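Take these sequences, add in the hints, and give me the full structure.
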Amino acid sequence: MILVINVGNMEMIVAVFEGEEVVASWRMTTSAMKTSDEIGSTIMRFLDFDDIDPANIEDVVISSVVPNVMYSLTNAVKKYFGMQPIIIDSSVISGIDLSRMKNPLELGNNRLVNISAAYHIYGGPVMVVDYSTCTTYDLIDENGLFVTGITAPGINVCTESLFLKAAQLPRIEIKKPDSIYCQDIVSCIQGGIYYGHRGEARYIIDSIKNELGFDKIKVVATGGLARVIDSEGEIFDVIDPFLSFKGLRLLYEKNKSLGEVRL
Amino acid sequence: MLLVIDVGNTNMVFGIYKNKQLINTWRMATGDGKTSDEIGITINSFLSGSGIGLHSVEGCIIGSVVPTIMYSLTHAIRKYLGIEPLVANCNMDLGITIVRANPATCGVDRFVDIIAAKELYGTPAIVIDYGTANTFDVVDEENRFITGFITAGMKTCSEHLYTRSAQLPKVELVRPESMLTVDTVSSLQAGIVAGRIGETIEIINVLKKELNIPHAKVVATGGLAKMIDSKGEIFDVCNPFLNLEGLRILYERNA
Chain A
1 MILVINVGNM EMIVAVFEGE EVVASWRMTT SAMKTSDEIG STIMRFLDFD DIDPANIEDV
61 VISSVVPNVM YSLTNAVKKY FGMQPIIIDS SVISGIDLSR MKNPLELGNN RLVNISAAYH
121 IYGGPVMVVD YSTCTTYDLI DENGLFVTGI TAPGINVCTE SLFLKAAQLP RIEIKKPDSI
181 YCQDIVSCIQ GGIYYGHRGE ARYIIDSIKN ELGFDKIKVV ATGGLARVID SEGEIFDVID
241 PFLSFKGLRL LYEKNKSLGE VRL
Chain B
264 MLLVIDVGNT NMVFGIYKNK QLINTWRMAT GDGKTSDEIG ITINSFLSGS GIGLHSVEGC
324 IIGSVVPTIM YSLTHAIRKY LGIEPLVANC NMDLGITIVR ANPATCGVDR FVDIIAAKEL
384 YGTPAIVIDY GTANTFDVVD EENRFITGFI TAGMKTCSEH LYTRSAQLPK VELVRPESML
444 TVDTVSSLQA GIVAGRIGET IEIINVLKKE LNIPHAKVVA TGGLAKMIDS KGEIFDVCNP
504 FLNLEGLRIL YERNA
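Protein sequence lines correspond, in order, to chains A and B. Under the working numbering, the first residue of the first sequence is numbered 1, with each subsequent residue one higher. Under the working numbering, the first residue of the second sequence is numbered 264, with each subsequent residue one higher.
Hints are computed from structural coordinates only; laboratory data are not their basis. Heads up, some of the hints might be wrong.
[What the hints assert, rightly or not] Simulated pairs of lysine to any residue, SDA-like, Cα-Cα distance not exceeding 25 angstroms:
id: 1; chain 1: B; residue 1: K418; chain 2: A; residue 2: E173
id: 2; chain 1: A; residue 1: K218; chain 2: B; residue 2: E465
id: 3; chain 1: B; residue 1: K433; chain 2: A; residue 2: M101
id: 4; chain 1: A; residue 1: K176; chain 2: B; residue 2: I476
id: 5; chain 1: A; residue 1: K102; chain 2: B; residue 2: Y425
id: 6; chain 1: B; residue 1: K418; chain 2: A; residue 2: I185
id: 7; chain 1: B; residue 1: K472; chain 2: B; residue 2: F498
id: 8; chain 1: A; residue 1: K256; chain 2: A; residue 2: I57
id: 9; chain 1: B; residue 1: K433; chain 2: A; residue 2: M70
id: 10; chain 1: B; residue 1: K418; chain 2: A; residue 2: M10
id: 11; chain 1: A; residue 1: K254; chain 2: A; residue 2: I2
id: 12; chain 1: B; residue 1: K471; chain 2: A; residue 2: S179
id: 13; chain 1: A; residue 1: K165; chain 2: B; residue 2: G294
[Unchecked claim] Facing chain A, a subset of chain B residues (Cβ under 7 angstroms, in silico):
id: 14; residue: V329
id: 15; residue: R363
id: 16; residue: E473
[Claimed, not checked] These stretches of chain B come out as covered by chain A in the derived footprint (C-beta under 8 angstroms, 3 or more residues):
id: 17; stretch: 402 to 411
id: 18; stretch: 420 to 428
id: 19; stretch: 432 to 445
id: 20; stretch: 448 to 455
All of these numbers come straight from a predicted model, not from anything done at the bench. Every residue, glycine too, gets a C-beta built ideally from N, C-alpha and C.
Okay, here's the thing in structure tokens:
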């Protein structure tokens, strides 16, 4: 079994693979304040809750976009699992060609993991749309070349910013409003966020297709809100909620077989 | 002369009208906790800087979405201009109907924009205001405000993204020439600007189709409207002073 940890700006997602199957997964809040003991003992409790013996974990694989939690997190793995975790970043062999980028190290590790998974599972050209703290639109061509990546403010970031910056606007639940007639403040924001982010996705996908003269690009979406935004299945070809886990396992296997990653 | 004041979450915009003619405008940060003297003395210097005597201002109307500034602002007008300001609210004679269970929950900026669009360009209309929040509001041909959407303003959501992510920089809001980005800054610029363009196009299309108003006038205002429609393909009219015009019209109906 391997334990994979995907550290996002808001949440860390922890999952256990047995072969190619995810057998359990949990989420915890990302916080730079958490100590290695808090993180380590929480992961131990997660495993215990699902009757997984920590002794069966052969490797721990981490990808992170939050540098300042890494000290506590790697220490937690060392202390509670007795091993050095394997860190997935843009220095690993991913099969993705990042040569178009000015500085490949700027590509968030979460994006590298997602595009590797999408390219290997679905083939190129493929676009990955990830609904997270940011909404990202990354395109890989048929040869595995990273062609472009677009970063927009995530849905939760948008709704939260409205609440924080506008004196009279409340927090809302993100969903399609019941009617096109939005006559109270909550449904007005729901309508704006729902239709606005659908429009964002359509426009960005179409603009990139037009600029490249690509007719067919497979669009794979992931992240919690992908299903809310494409509620009628018109925008994305595939919604794959486990893309990042699949990518972490894939990059781990690939690099392990090459003997590259043990730090 | 008439002083109109549009109080937004980020800025207060002041406009001075001579008859129906807007002769000058100024902006002041709305700020937190400004005193009536600070506001009053600043208005004073705006006016005198343009050669306008304080006593020639005969009327004042304020439209505000920031309740906490109103005490200081109304005091400033009384003390420095010696007049009682009219404060825009939904119980005035608006010339439009706000279709809501509770019209008081409708932001003043929204119905003021609609009043101006109706008067200047006719109905039905879709009125879009790009500010701290972006609003997309519909007034039908019977002059009823029937629906509207709110989204996060371009600056609002991009600044918040900076605070909520560990590795993203602050960027200047410009539309990159290409969607093929090569670094984090161009990637963010493309996402923020193209995302909001897509938002605008989708919302206009949905409203026109679902409400069956294919010929509704699309009227835009607000600082970033020009960036959204740099080629003039999306809006029928772009009027940067729509809100001030609405306040002037509201004053004329109610003073």
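25 angstroms Cα cutoff - pair K254 of chain A, I2 of chain A:
Within the cut-off at roughly 14 angstroms; holds.
Against chain A, with CB atoms and a cut of 7 angstroms, does the hint on V329 of chain B hold up?
holds, 5 angstroms
Answer holds if the nearest beta-carbon of chain A is closer than 7 angstroms to that of R363 of chain B; otherwise answer violated.
Nearest chain A Cβ about 5 angstroms off; hint holds.
Tell me if the straight-line CA distance from K418 of chain B to M10 of chain A falls inside 25 angstroms.
holds, 21 angstroms
Going by Cβ atoms only, is E473 of chain B closer than 7 angstroms to chain A?
holds, 4 angstroms
Holds or violated: K218 of chain A to E465 of chain B, with C-alpha atoms at most 25 angstroms apart
holds, 22 angstroms
Regarding the pair K433 of chain B and M101 of chain A, is the alpha-carbon distance no greater than 25 angstroms?
Answer holds: K433 of chain B to M101 of chain A is near 19 angstroms, not above 25 angstroms.
CA of K102 of chain A to CA of Y425 of chain B, is that 25 angstroms or under?
Roughly 21 angstroms between the alpha carbons, so the hint for K102 of chain A and Y425 of chain B holds.
Mind checking the alpha carbons of K472 of chain B and F498 of chain B for me, to see if they're no more than 25 angstroms apart?
Cα-Cα ~16 angstroms, so holds.
Is it true that the CA of K433 of chain B sits at most 25 angstroms from the CA of M70 of chain A?
holds, 23 angstroms
Taking a Cβ-Cβ distance under 8 angstroms as contact, does the stretch 402 to 411 of chain B have three or more residues in contact with chain A?
holds (count 3)
Hinted pair, alpha-carbon criterion (25 angstroms max): K165 of chain A, G294 of chain B. Please report holds or violated.
This hinted pair holds, its Cα atoms lying about 12 angstroms apart.
Of the numbered hints given earlier, the model fails none.
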